[in-house]
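Q: Here are the chains, one letter per residue:
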Amino acid sequence: AQTVTQSQPEMSVQEAETVTLSCTYDTSENNYYLFWYKQPPSRQMILVIRQEAYKQQNATENRFSVNFQKAAKSFSLKISDSQLGDTAMYFCAFMKQGSGGSNYKLTFGKGTLLTVNP
Amino acid sequence: KAGVTQTPRYLIKTRGQQVTLSCSPISGHRSVSWYQQTPGQGLQFLFEYFSETQRNKGNFPGRFSGRQFSNSRSEMNVSTLELGDSALYLCASSWGDRGNSPLHFGNGTRLTVT
Chain A
1 AQTVTQSQPE
11 MSVQEAETVT
21 LSCTYDTSEN
31 NYYLFWYKQP
41 PSRQMILVIR
51 QEAYKQQNAT
61 ENRFSVNFQK
71 AAKSFSLKIS
81 DSQLGDTAMY
91 FCAFMKQGSG
101 GSNYKLTFGK
111 GTLLTVNP
Chain B
1 KAGVTQTPRY
11 LIKTRGQQVT
21 LSCSPISGHR
31 SVSWYQQTPG
41 QGLQFLFEYF
51 SETQRNKGNF
61 PGRFSGRQFS
71 NSRSEMNVST
81 LELGDSALYL
91 CASSWGDRGN
101 SPLHFGNGTR
111 LTVT
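From first to last, the protein sequence lines stand for chains A and B. All residue numbers for the first sequence refer to the working numbering, where the first residue is 1 and numbers rise by one. All residue numbers for the second sequence refer to the working numbering, where the first residue is 1 and numbers rise by one.
The following block holds chain B by itself, in its conformation from the complex:
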């Protein structure tokens, strides 16, 4: 069974631009979550989607948004990029409706903002 796939692996953008990251979950998984990983703040939860609905959101500004499609694939968008948005963005999928379902992570997208 294929794992969680994130594209692209690397992105370089300039301040003020916007960016879209993509995540394809494990087949059958309906929950997709996004995390930001930086050396200073560590791993921080961005948001989680289940069956196209955002169920939970972390403490990030409105520039960070996401969506989930009917096939459970998810995209994350960051508008008006700032230098501090440089990070590894990790996507994770799970069944989403089974209590102890663990999260399975992708390899991440490394975003660099210059």
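Same shape as in the complex, but just chain A:
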């Protein structure tokens, strides 16, 4: 079974600054995907960024980037130029890769509540 750990229950950052959210995971799988989702007060879970484990290059989406360390089983999210709209709960999630139904299941961490202050 997979586990995902987010060790920072809450974080805060000033607007326009950079913040890094931590995530570690445990798995015996070699092929998998990792995701960061954000959940604002509107409750909808929004995909921020995803990483395929077989890719060594870290994923980037505009102001969001990850630091993926496969050997260390670490997957941190860096948010640059933080904006007030980034205030949300952030969840790290794991999904196995493979055919069939077993892979369409996300294992989530407990989340990190990020507050961006003006």
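Source of the hints: derived by calculation from the structure; they are not laboratory data. Certain hints may be false.
Said to hold, decoys possible - Okay, the calculated bits of chain B under chain A, using three or more residues with CB under 8 angstroms as the criterion:
1. 31-43
2. 64-77
3. 80-93
4. 102-109
Stated by the list, open to error - Pairwise CB distance ranges (calculated):
5. Asn59/B with Phe64/A: 26 to 34 angstroms
6. Ile12/B with Gln83/A: 33 to 41 angstroms
7. Thr14/B with Lys78/A: 43 to 51 angstroms
8. Ser80/A with Ser70/B: 40 to 48 angstroms
9. Gln41/B with Arg63/A: 29 to 37 angstroms
10. Ala2/B with Ala16/A: 32 to 40 angstroms
11. Ser70/B with Arg63/A: 39 to 47 angstroms
12. Gly42/B with Lys55/A: 23 to 31 angstroms
Claimed, not checked - Simulated crosslink set (DSS-like; lysine-lysine; CA at most 27 angstroms straight-line):
13. Lys55/A with Lys110/A
14. Lys70/A with Lys110/A
15. Lys73/A with Lys110/A
16. Lys78/A with Lys55/A
17. Lys73/A with Lys13/B
18. Lys55/A with Lys70/A
19. Lys96/A with Lys57/B
20. Lys57/B with Lys73/A
21. Lys78/A with Lys96/A
Glycine is no exception: its CB is placed at the ideal position from the N, C-alpha and C atoms.
Since the structure of chain A is already known, use the hints to place chain B on it.
A: Below, chain B alone, put in the same frame as chain A:
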């Protein structure tokens, strides 16, 4: 393209009753999954359906069941409600047959059991 639609947004039920939640996936998506979100347990996987077949199930009691229709819409049913079933229930859809297809979530149904 319309997103994942969940109805109703809020529900209040009493212990012992049953409830049905509905989820309409993004057009073309054939996989629908359900998650329960509570402050204590976080986000937990309930089950996943693909082309009307349940492919995967989480560790929940048999009171939790679901189904998927030929148009990919899905319903989740909880019978004999308990106080601990109070939660936000999230539905997610994806293509379901493409390896790196991400899950797209709806706004959830907030269920309160009194």
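Q: Hint by hint, say whether it matches the structure.
A: Structure-based check of each hint:
Taking a C-beta to C-beta cut-off of 8 angstroms, the stretch 31-43 of chain B contributes 5 residues in contact with chain A, enough for the three needed, and the coverage statement holds. Counting residues of the stretch 64-77 of chain B whose beta carbon lies closer than 8 angstroms to any beta carbon of chain A gives 0, which falls short of the minimum of three for the stated coverage. Here the stretch 80-93 of chain B counts 3 residues with a CB under 8 angstroms from a CB of chain A, which clears the bar of 3, and the coverage holds. With 7 residues having a beta carbon nearer than 8 angstroms to a beta carbon of chain A, the stretch 102-109 of chain B meets the requirement of three or more and the stated coverage holds.
Checking the proposed 26 to 34 angstroms range against Asn59/B and Phe64/A shows it holds: the Cβ atoms sit about 32 angstroms from each other. In this structure the hint that Ile12/B and Gln83/A lie 33 to 41 angstroms apart at CB holds, the actual value being about 36 angstroms. A C-beta distance of roughly 46 angstroms is found between Thr14/B and Lys78/A, which places it inside the suggested range of 43 to 51 angstroms. At about 45 angstroms, the beta-carbon gap between Ser80/A and Ser70/B stays in the expected band of 40 to 48 angstroms.
The hinted window of 29 to 37 angstroms between Gln41/B and Arg63/A holds, with their beta carbons roughly 31 angstroms apart. Restraint check, Ala2/B to Ala16/A: a C-beta distance of roughly 35 angstroms satisfies the suggested window 32 to 40 angstroms. Between Ser70/B and Arg63/A the Cβ separation comes to about 41 angstroms, which falls inside the hinted range of 39 to 47 angstroms. Between Gly42/B and Lys55/A the CB atoms are about 27 angstroms apart, so this pair conforms to the stated range of 23 to 31 angstroms.
At roughly 26 angstroms between alpha-carbon atoms, Lys55/A and Lys110/A fall within 27 angstroms of each other, so this suggested pair holds. At roughly 21 angstroms between alpha-carbon atoms, Lys70/A and Lys110/A fall within 27 angstroms of each other, so this suggested pair holds. Simply put, Lys73/A and Lys110/A have alpha-carbon atoms about 17 angstroms apart, close enough for the 27 angstroms limit, and the pair holds. For a cut-off of 27 angstroms, the pair hint linking Lys78/A to Lys55/A stands: about 18 angstroms separates their Cα positions.
With a C-alpha separation of about 42 angstroms, the suggested pairing of Lys73/A with Lys13/B is violated against the 27 angstroms cut-off. A threshold of 27 angstroms between alpha carbons decides the hint, and for Lys55/A with Lys70/A the separation of about 10 angstroms falls inside it, so the pair holds. Taking the CA atoms of Lys96/A and Lys57/B, the gap is about 15 angstroms. The hint holds against a cut of 27 angstroms. Pair hint Lys57/B plus Lys73/A holds up; C-alpha atoms about 26 angstroms apart against a cutoff of 27 angstroms.
About 23 angstroms separates the Cα atoms of Lys78/A and Lys96/A, which keeps this hinted pair within 27 angstroms; it holds.
Hints 2 and 17, counting from the list given before, are not met by this structure.
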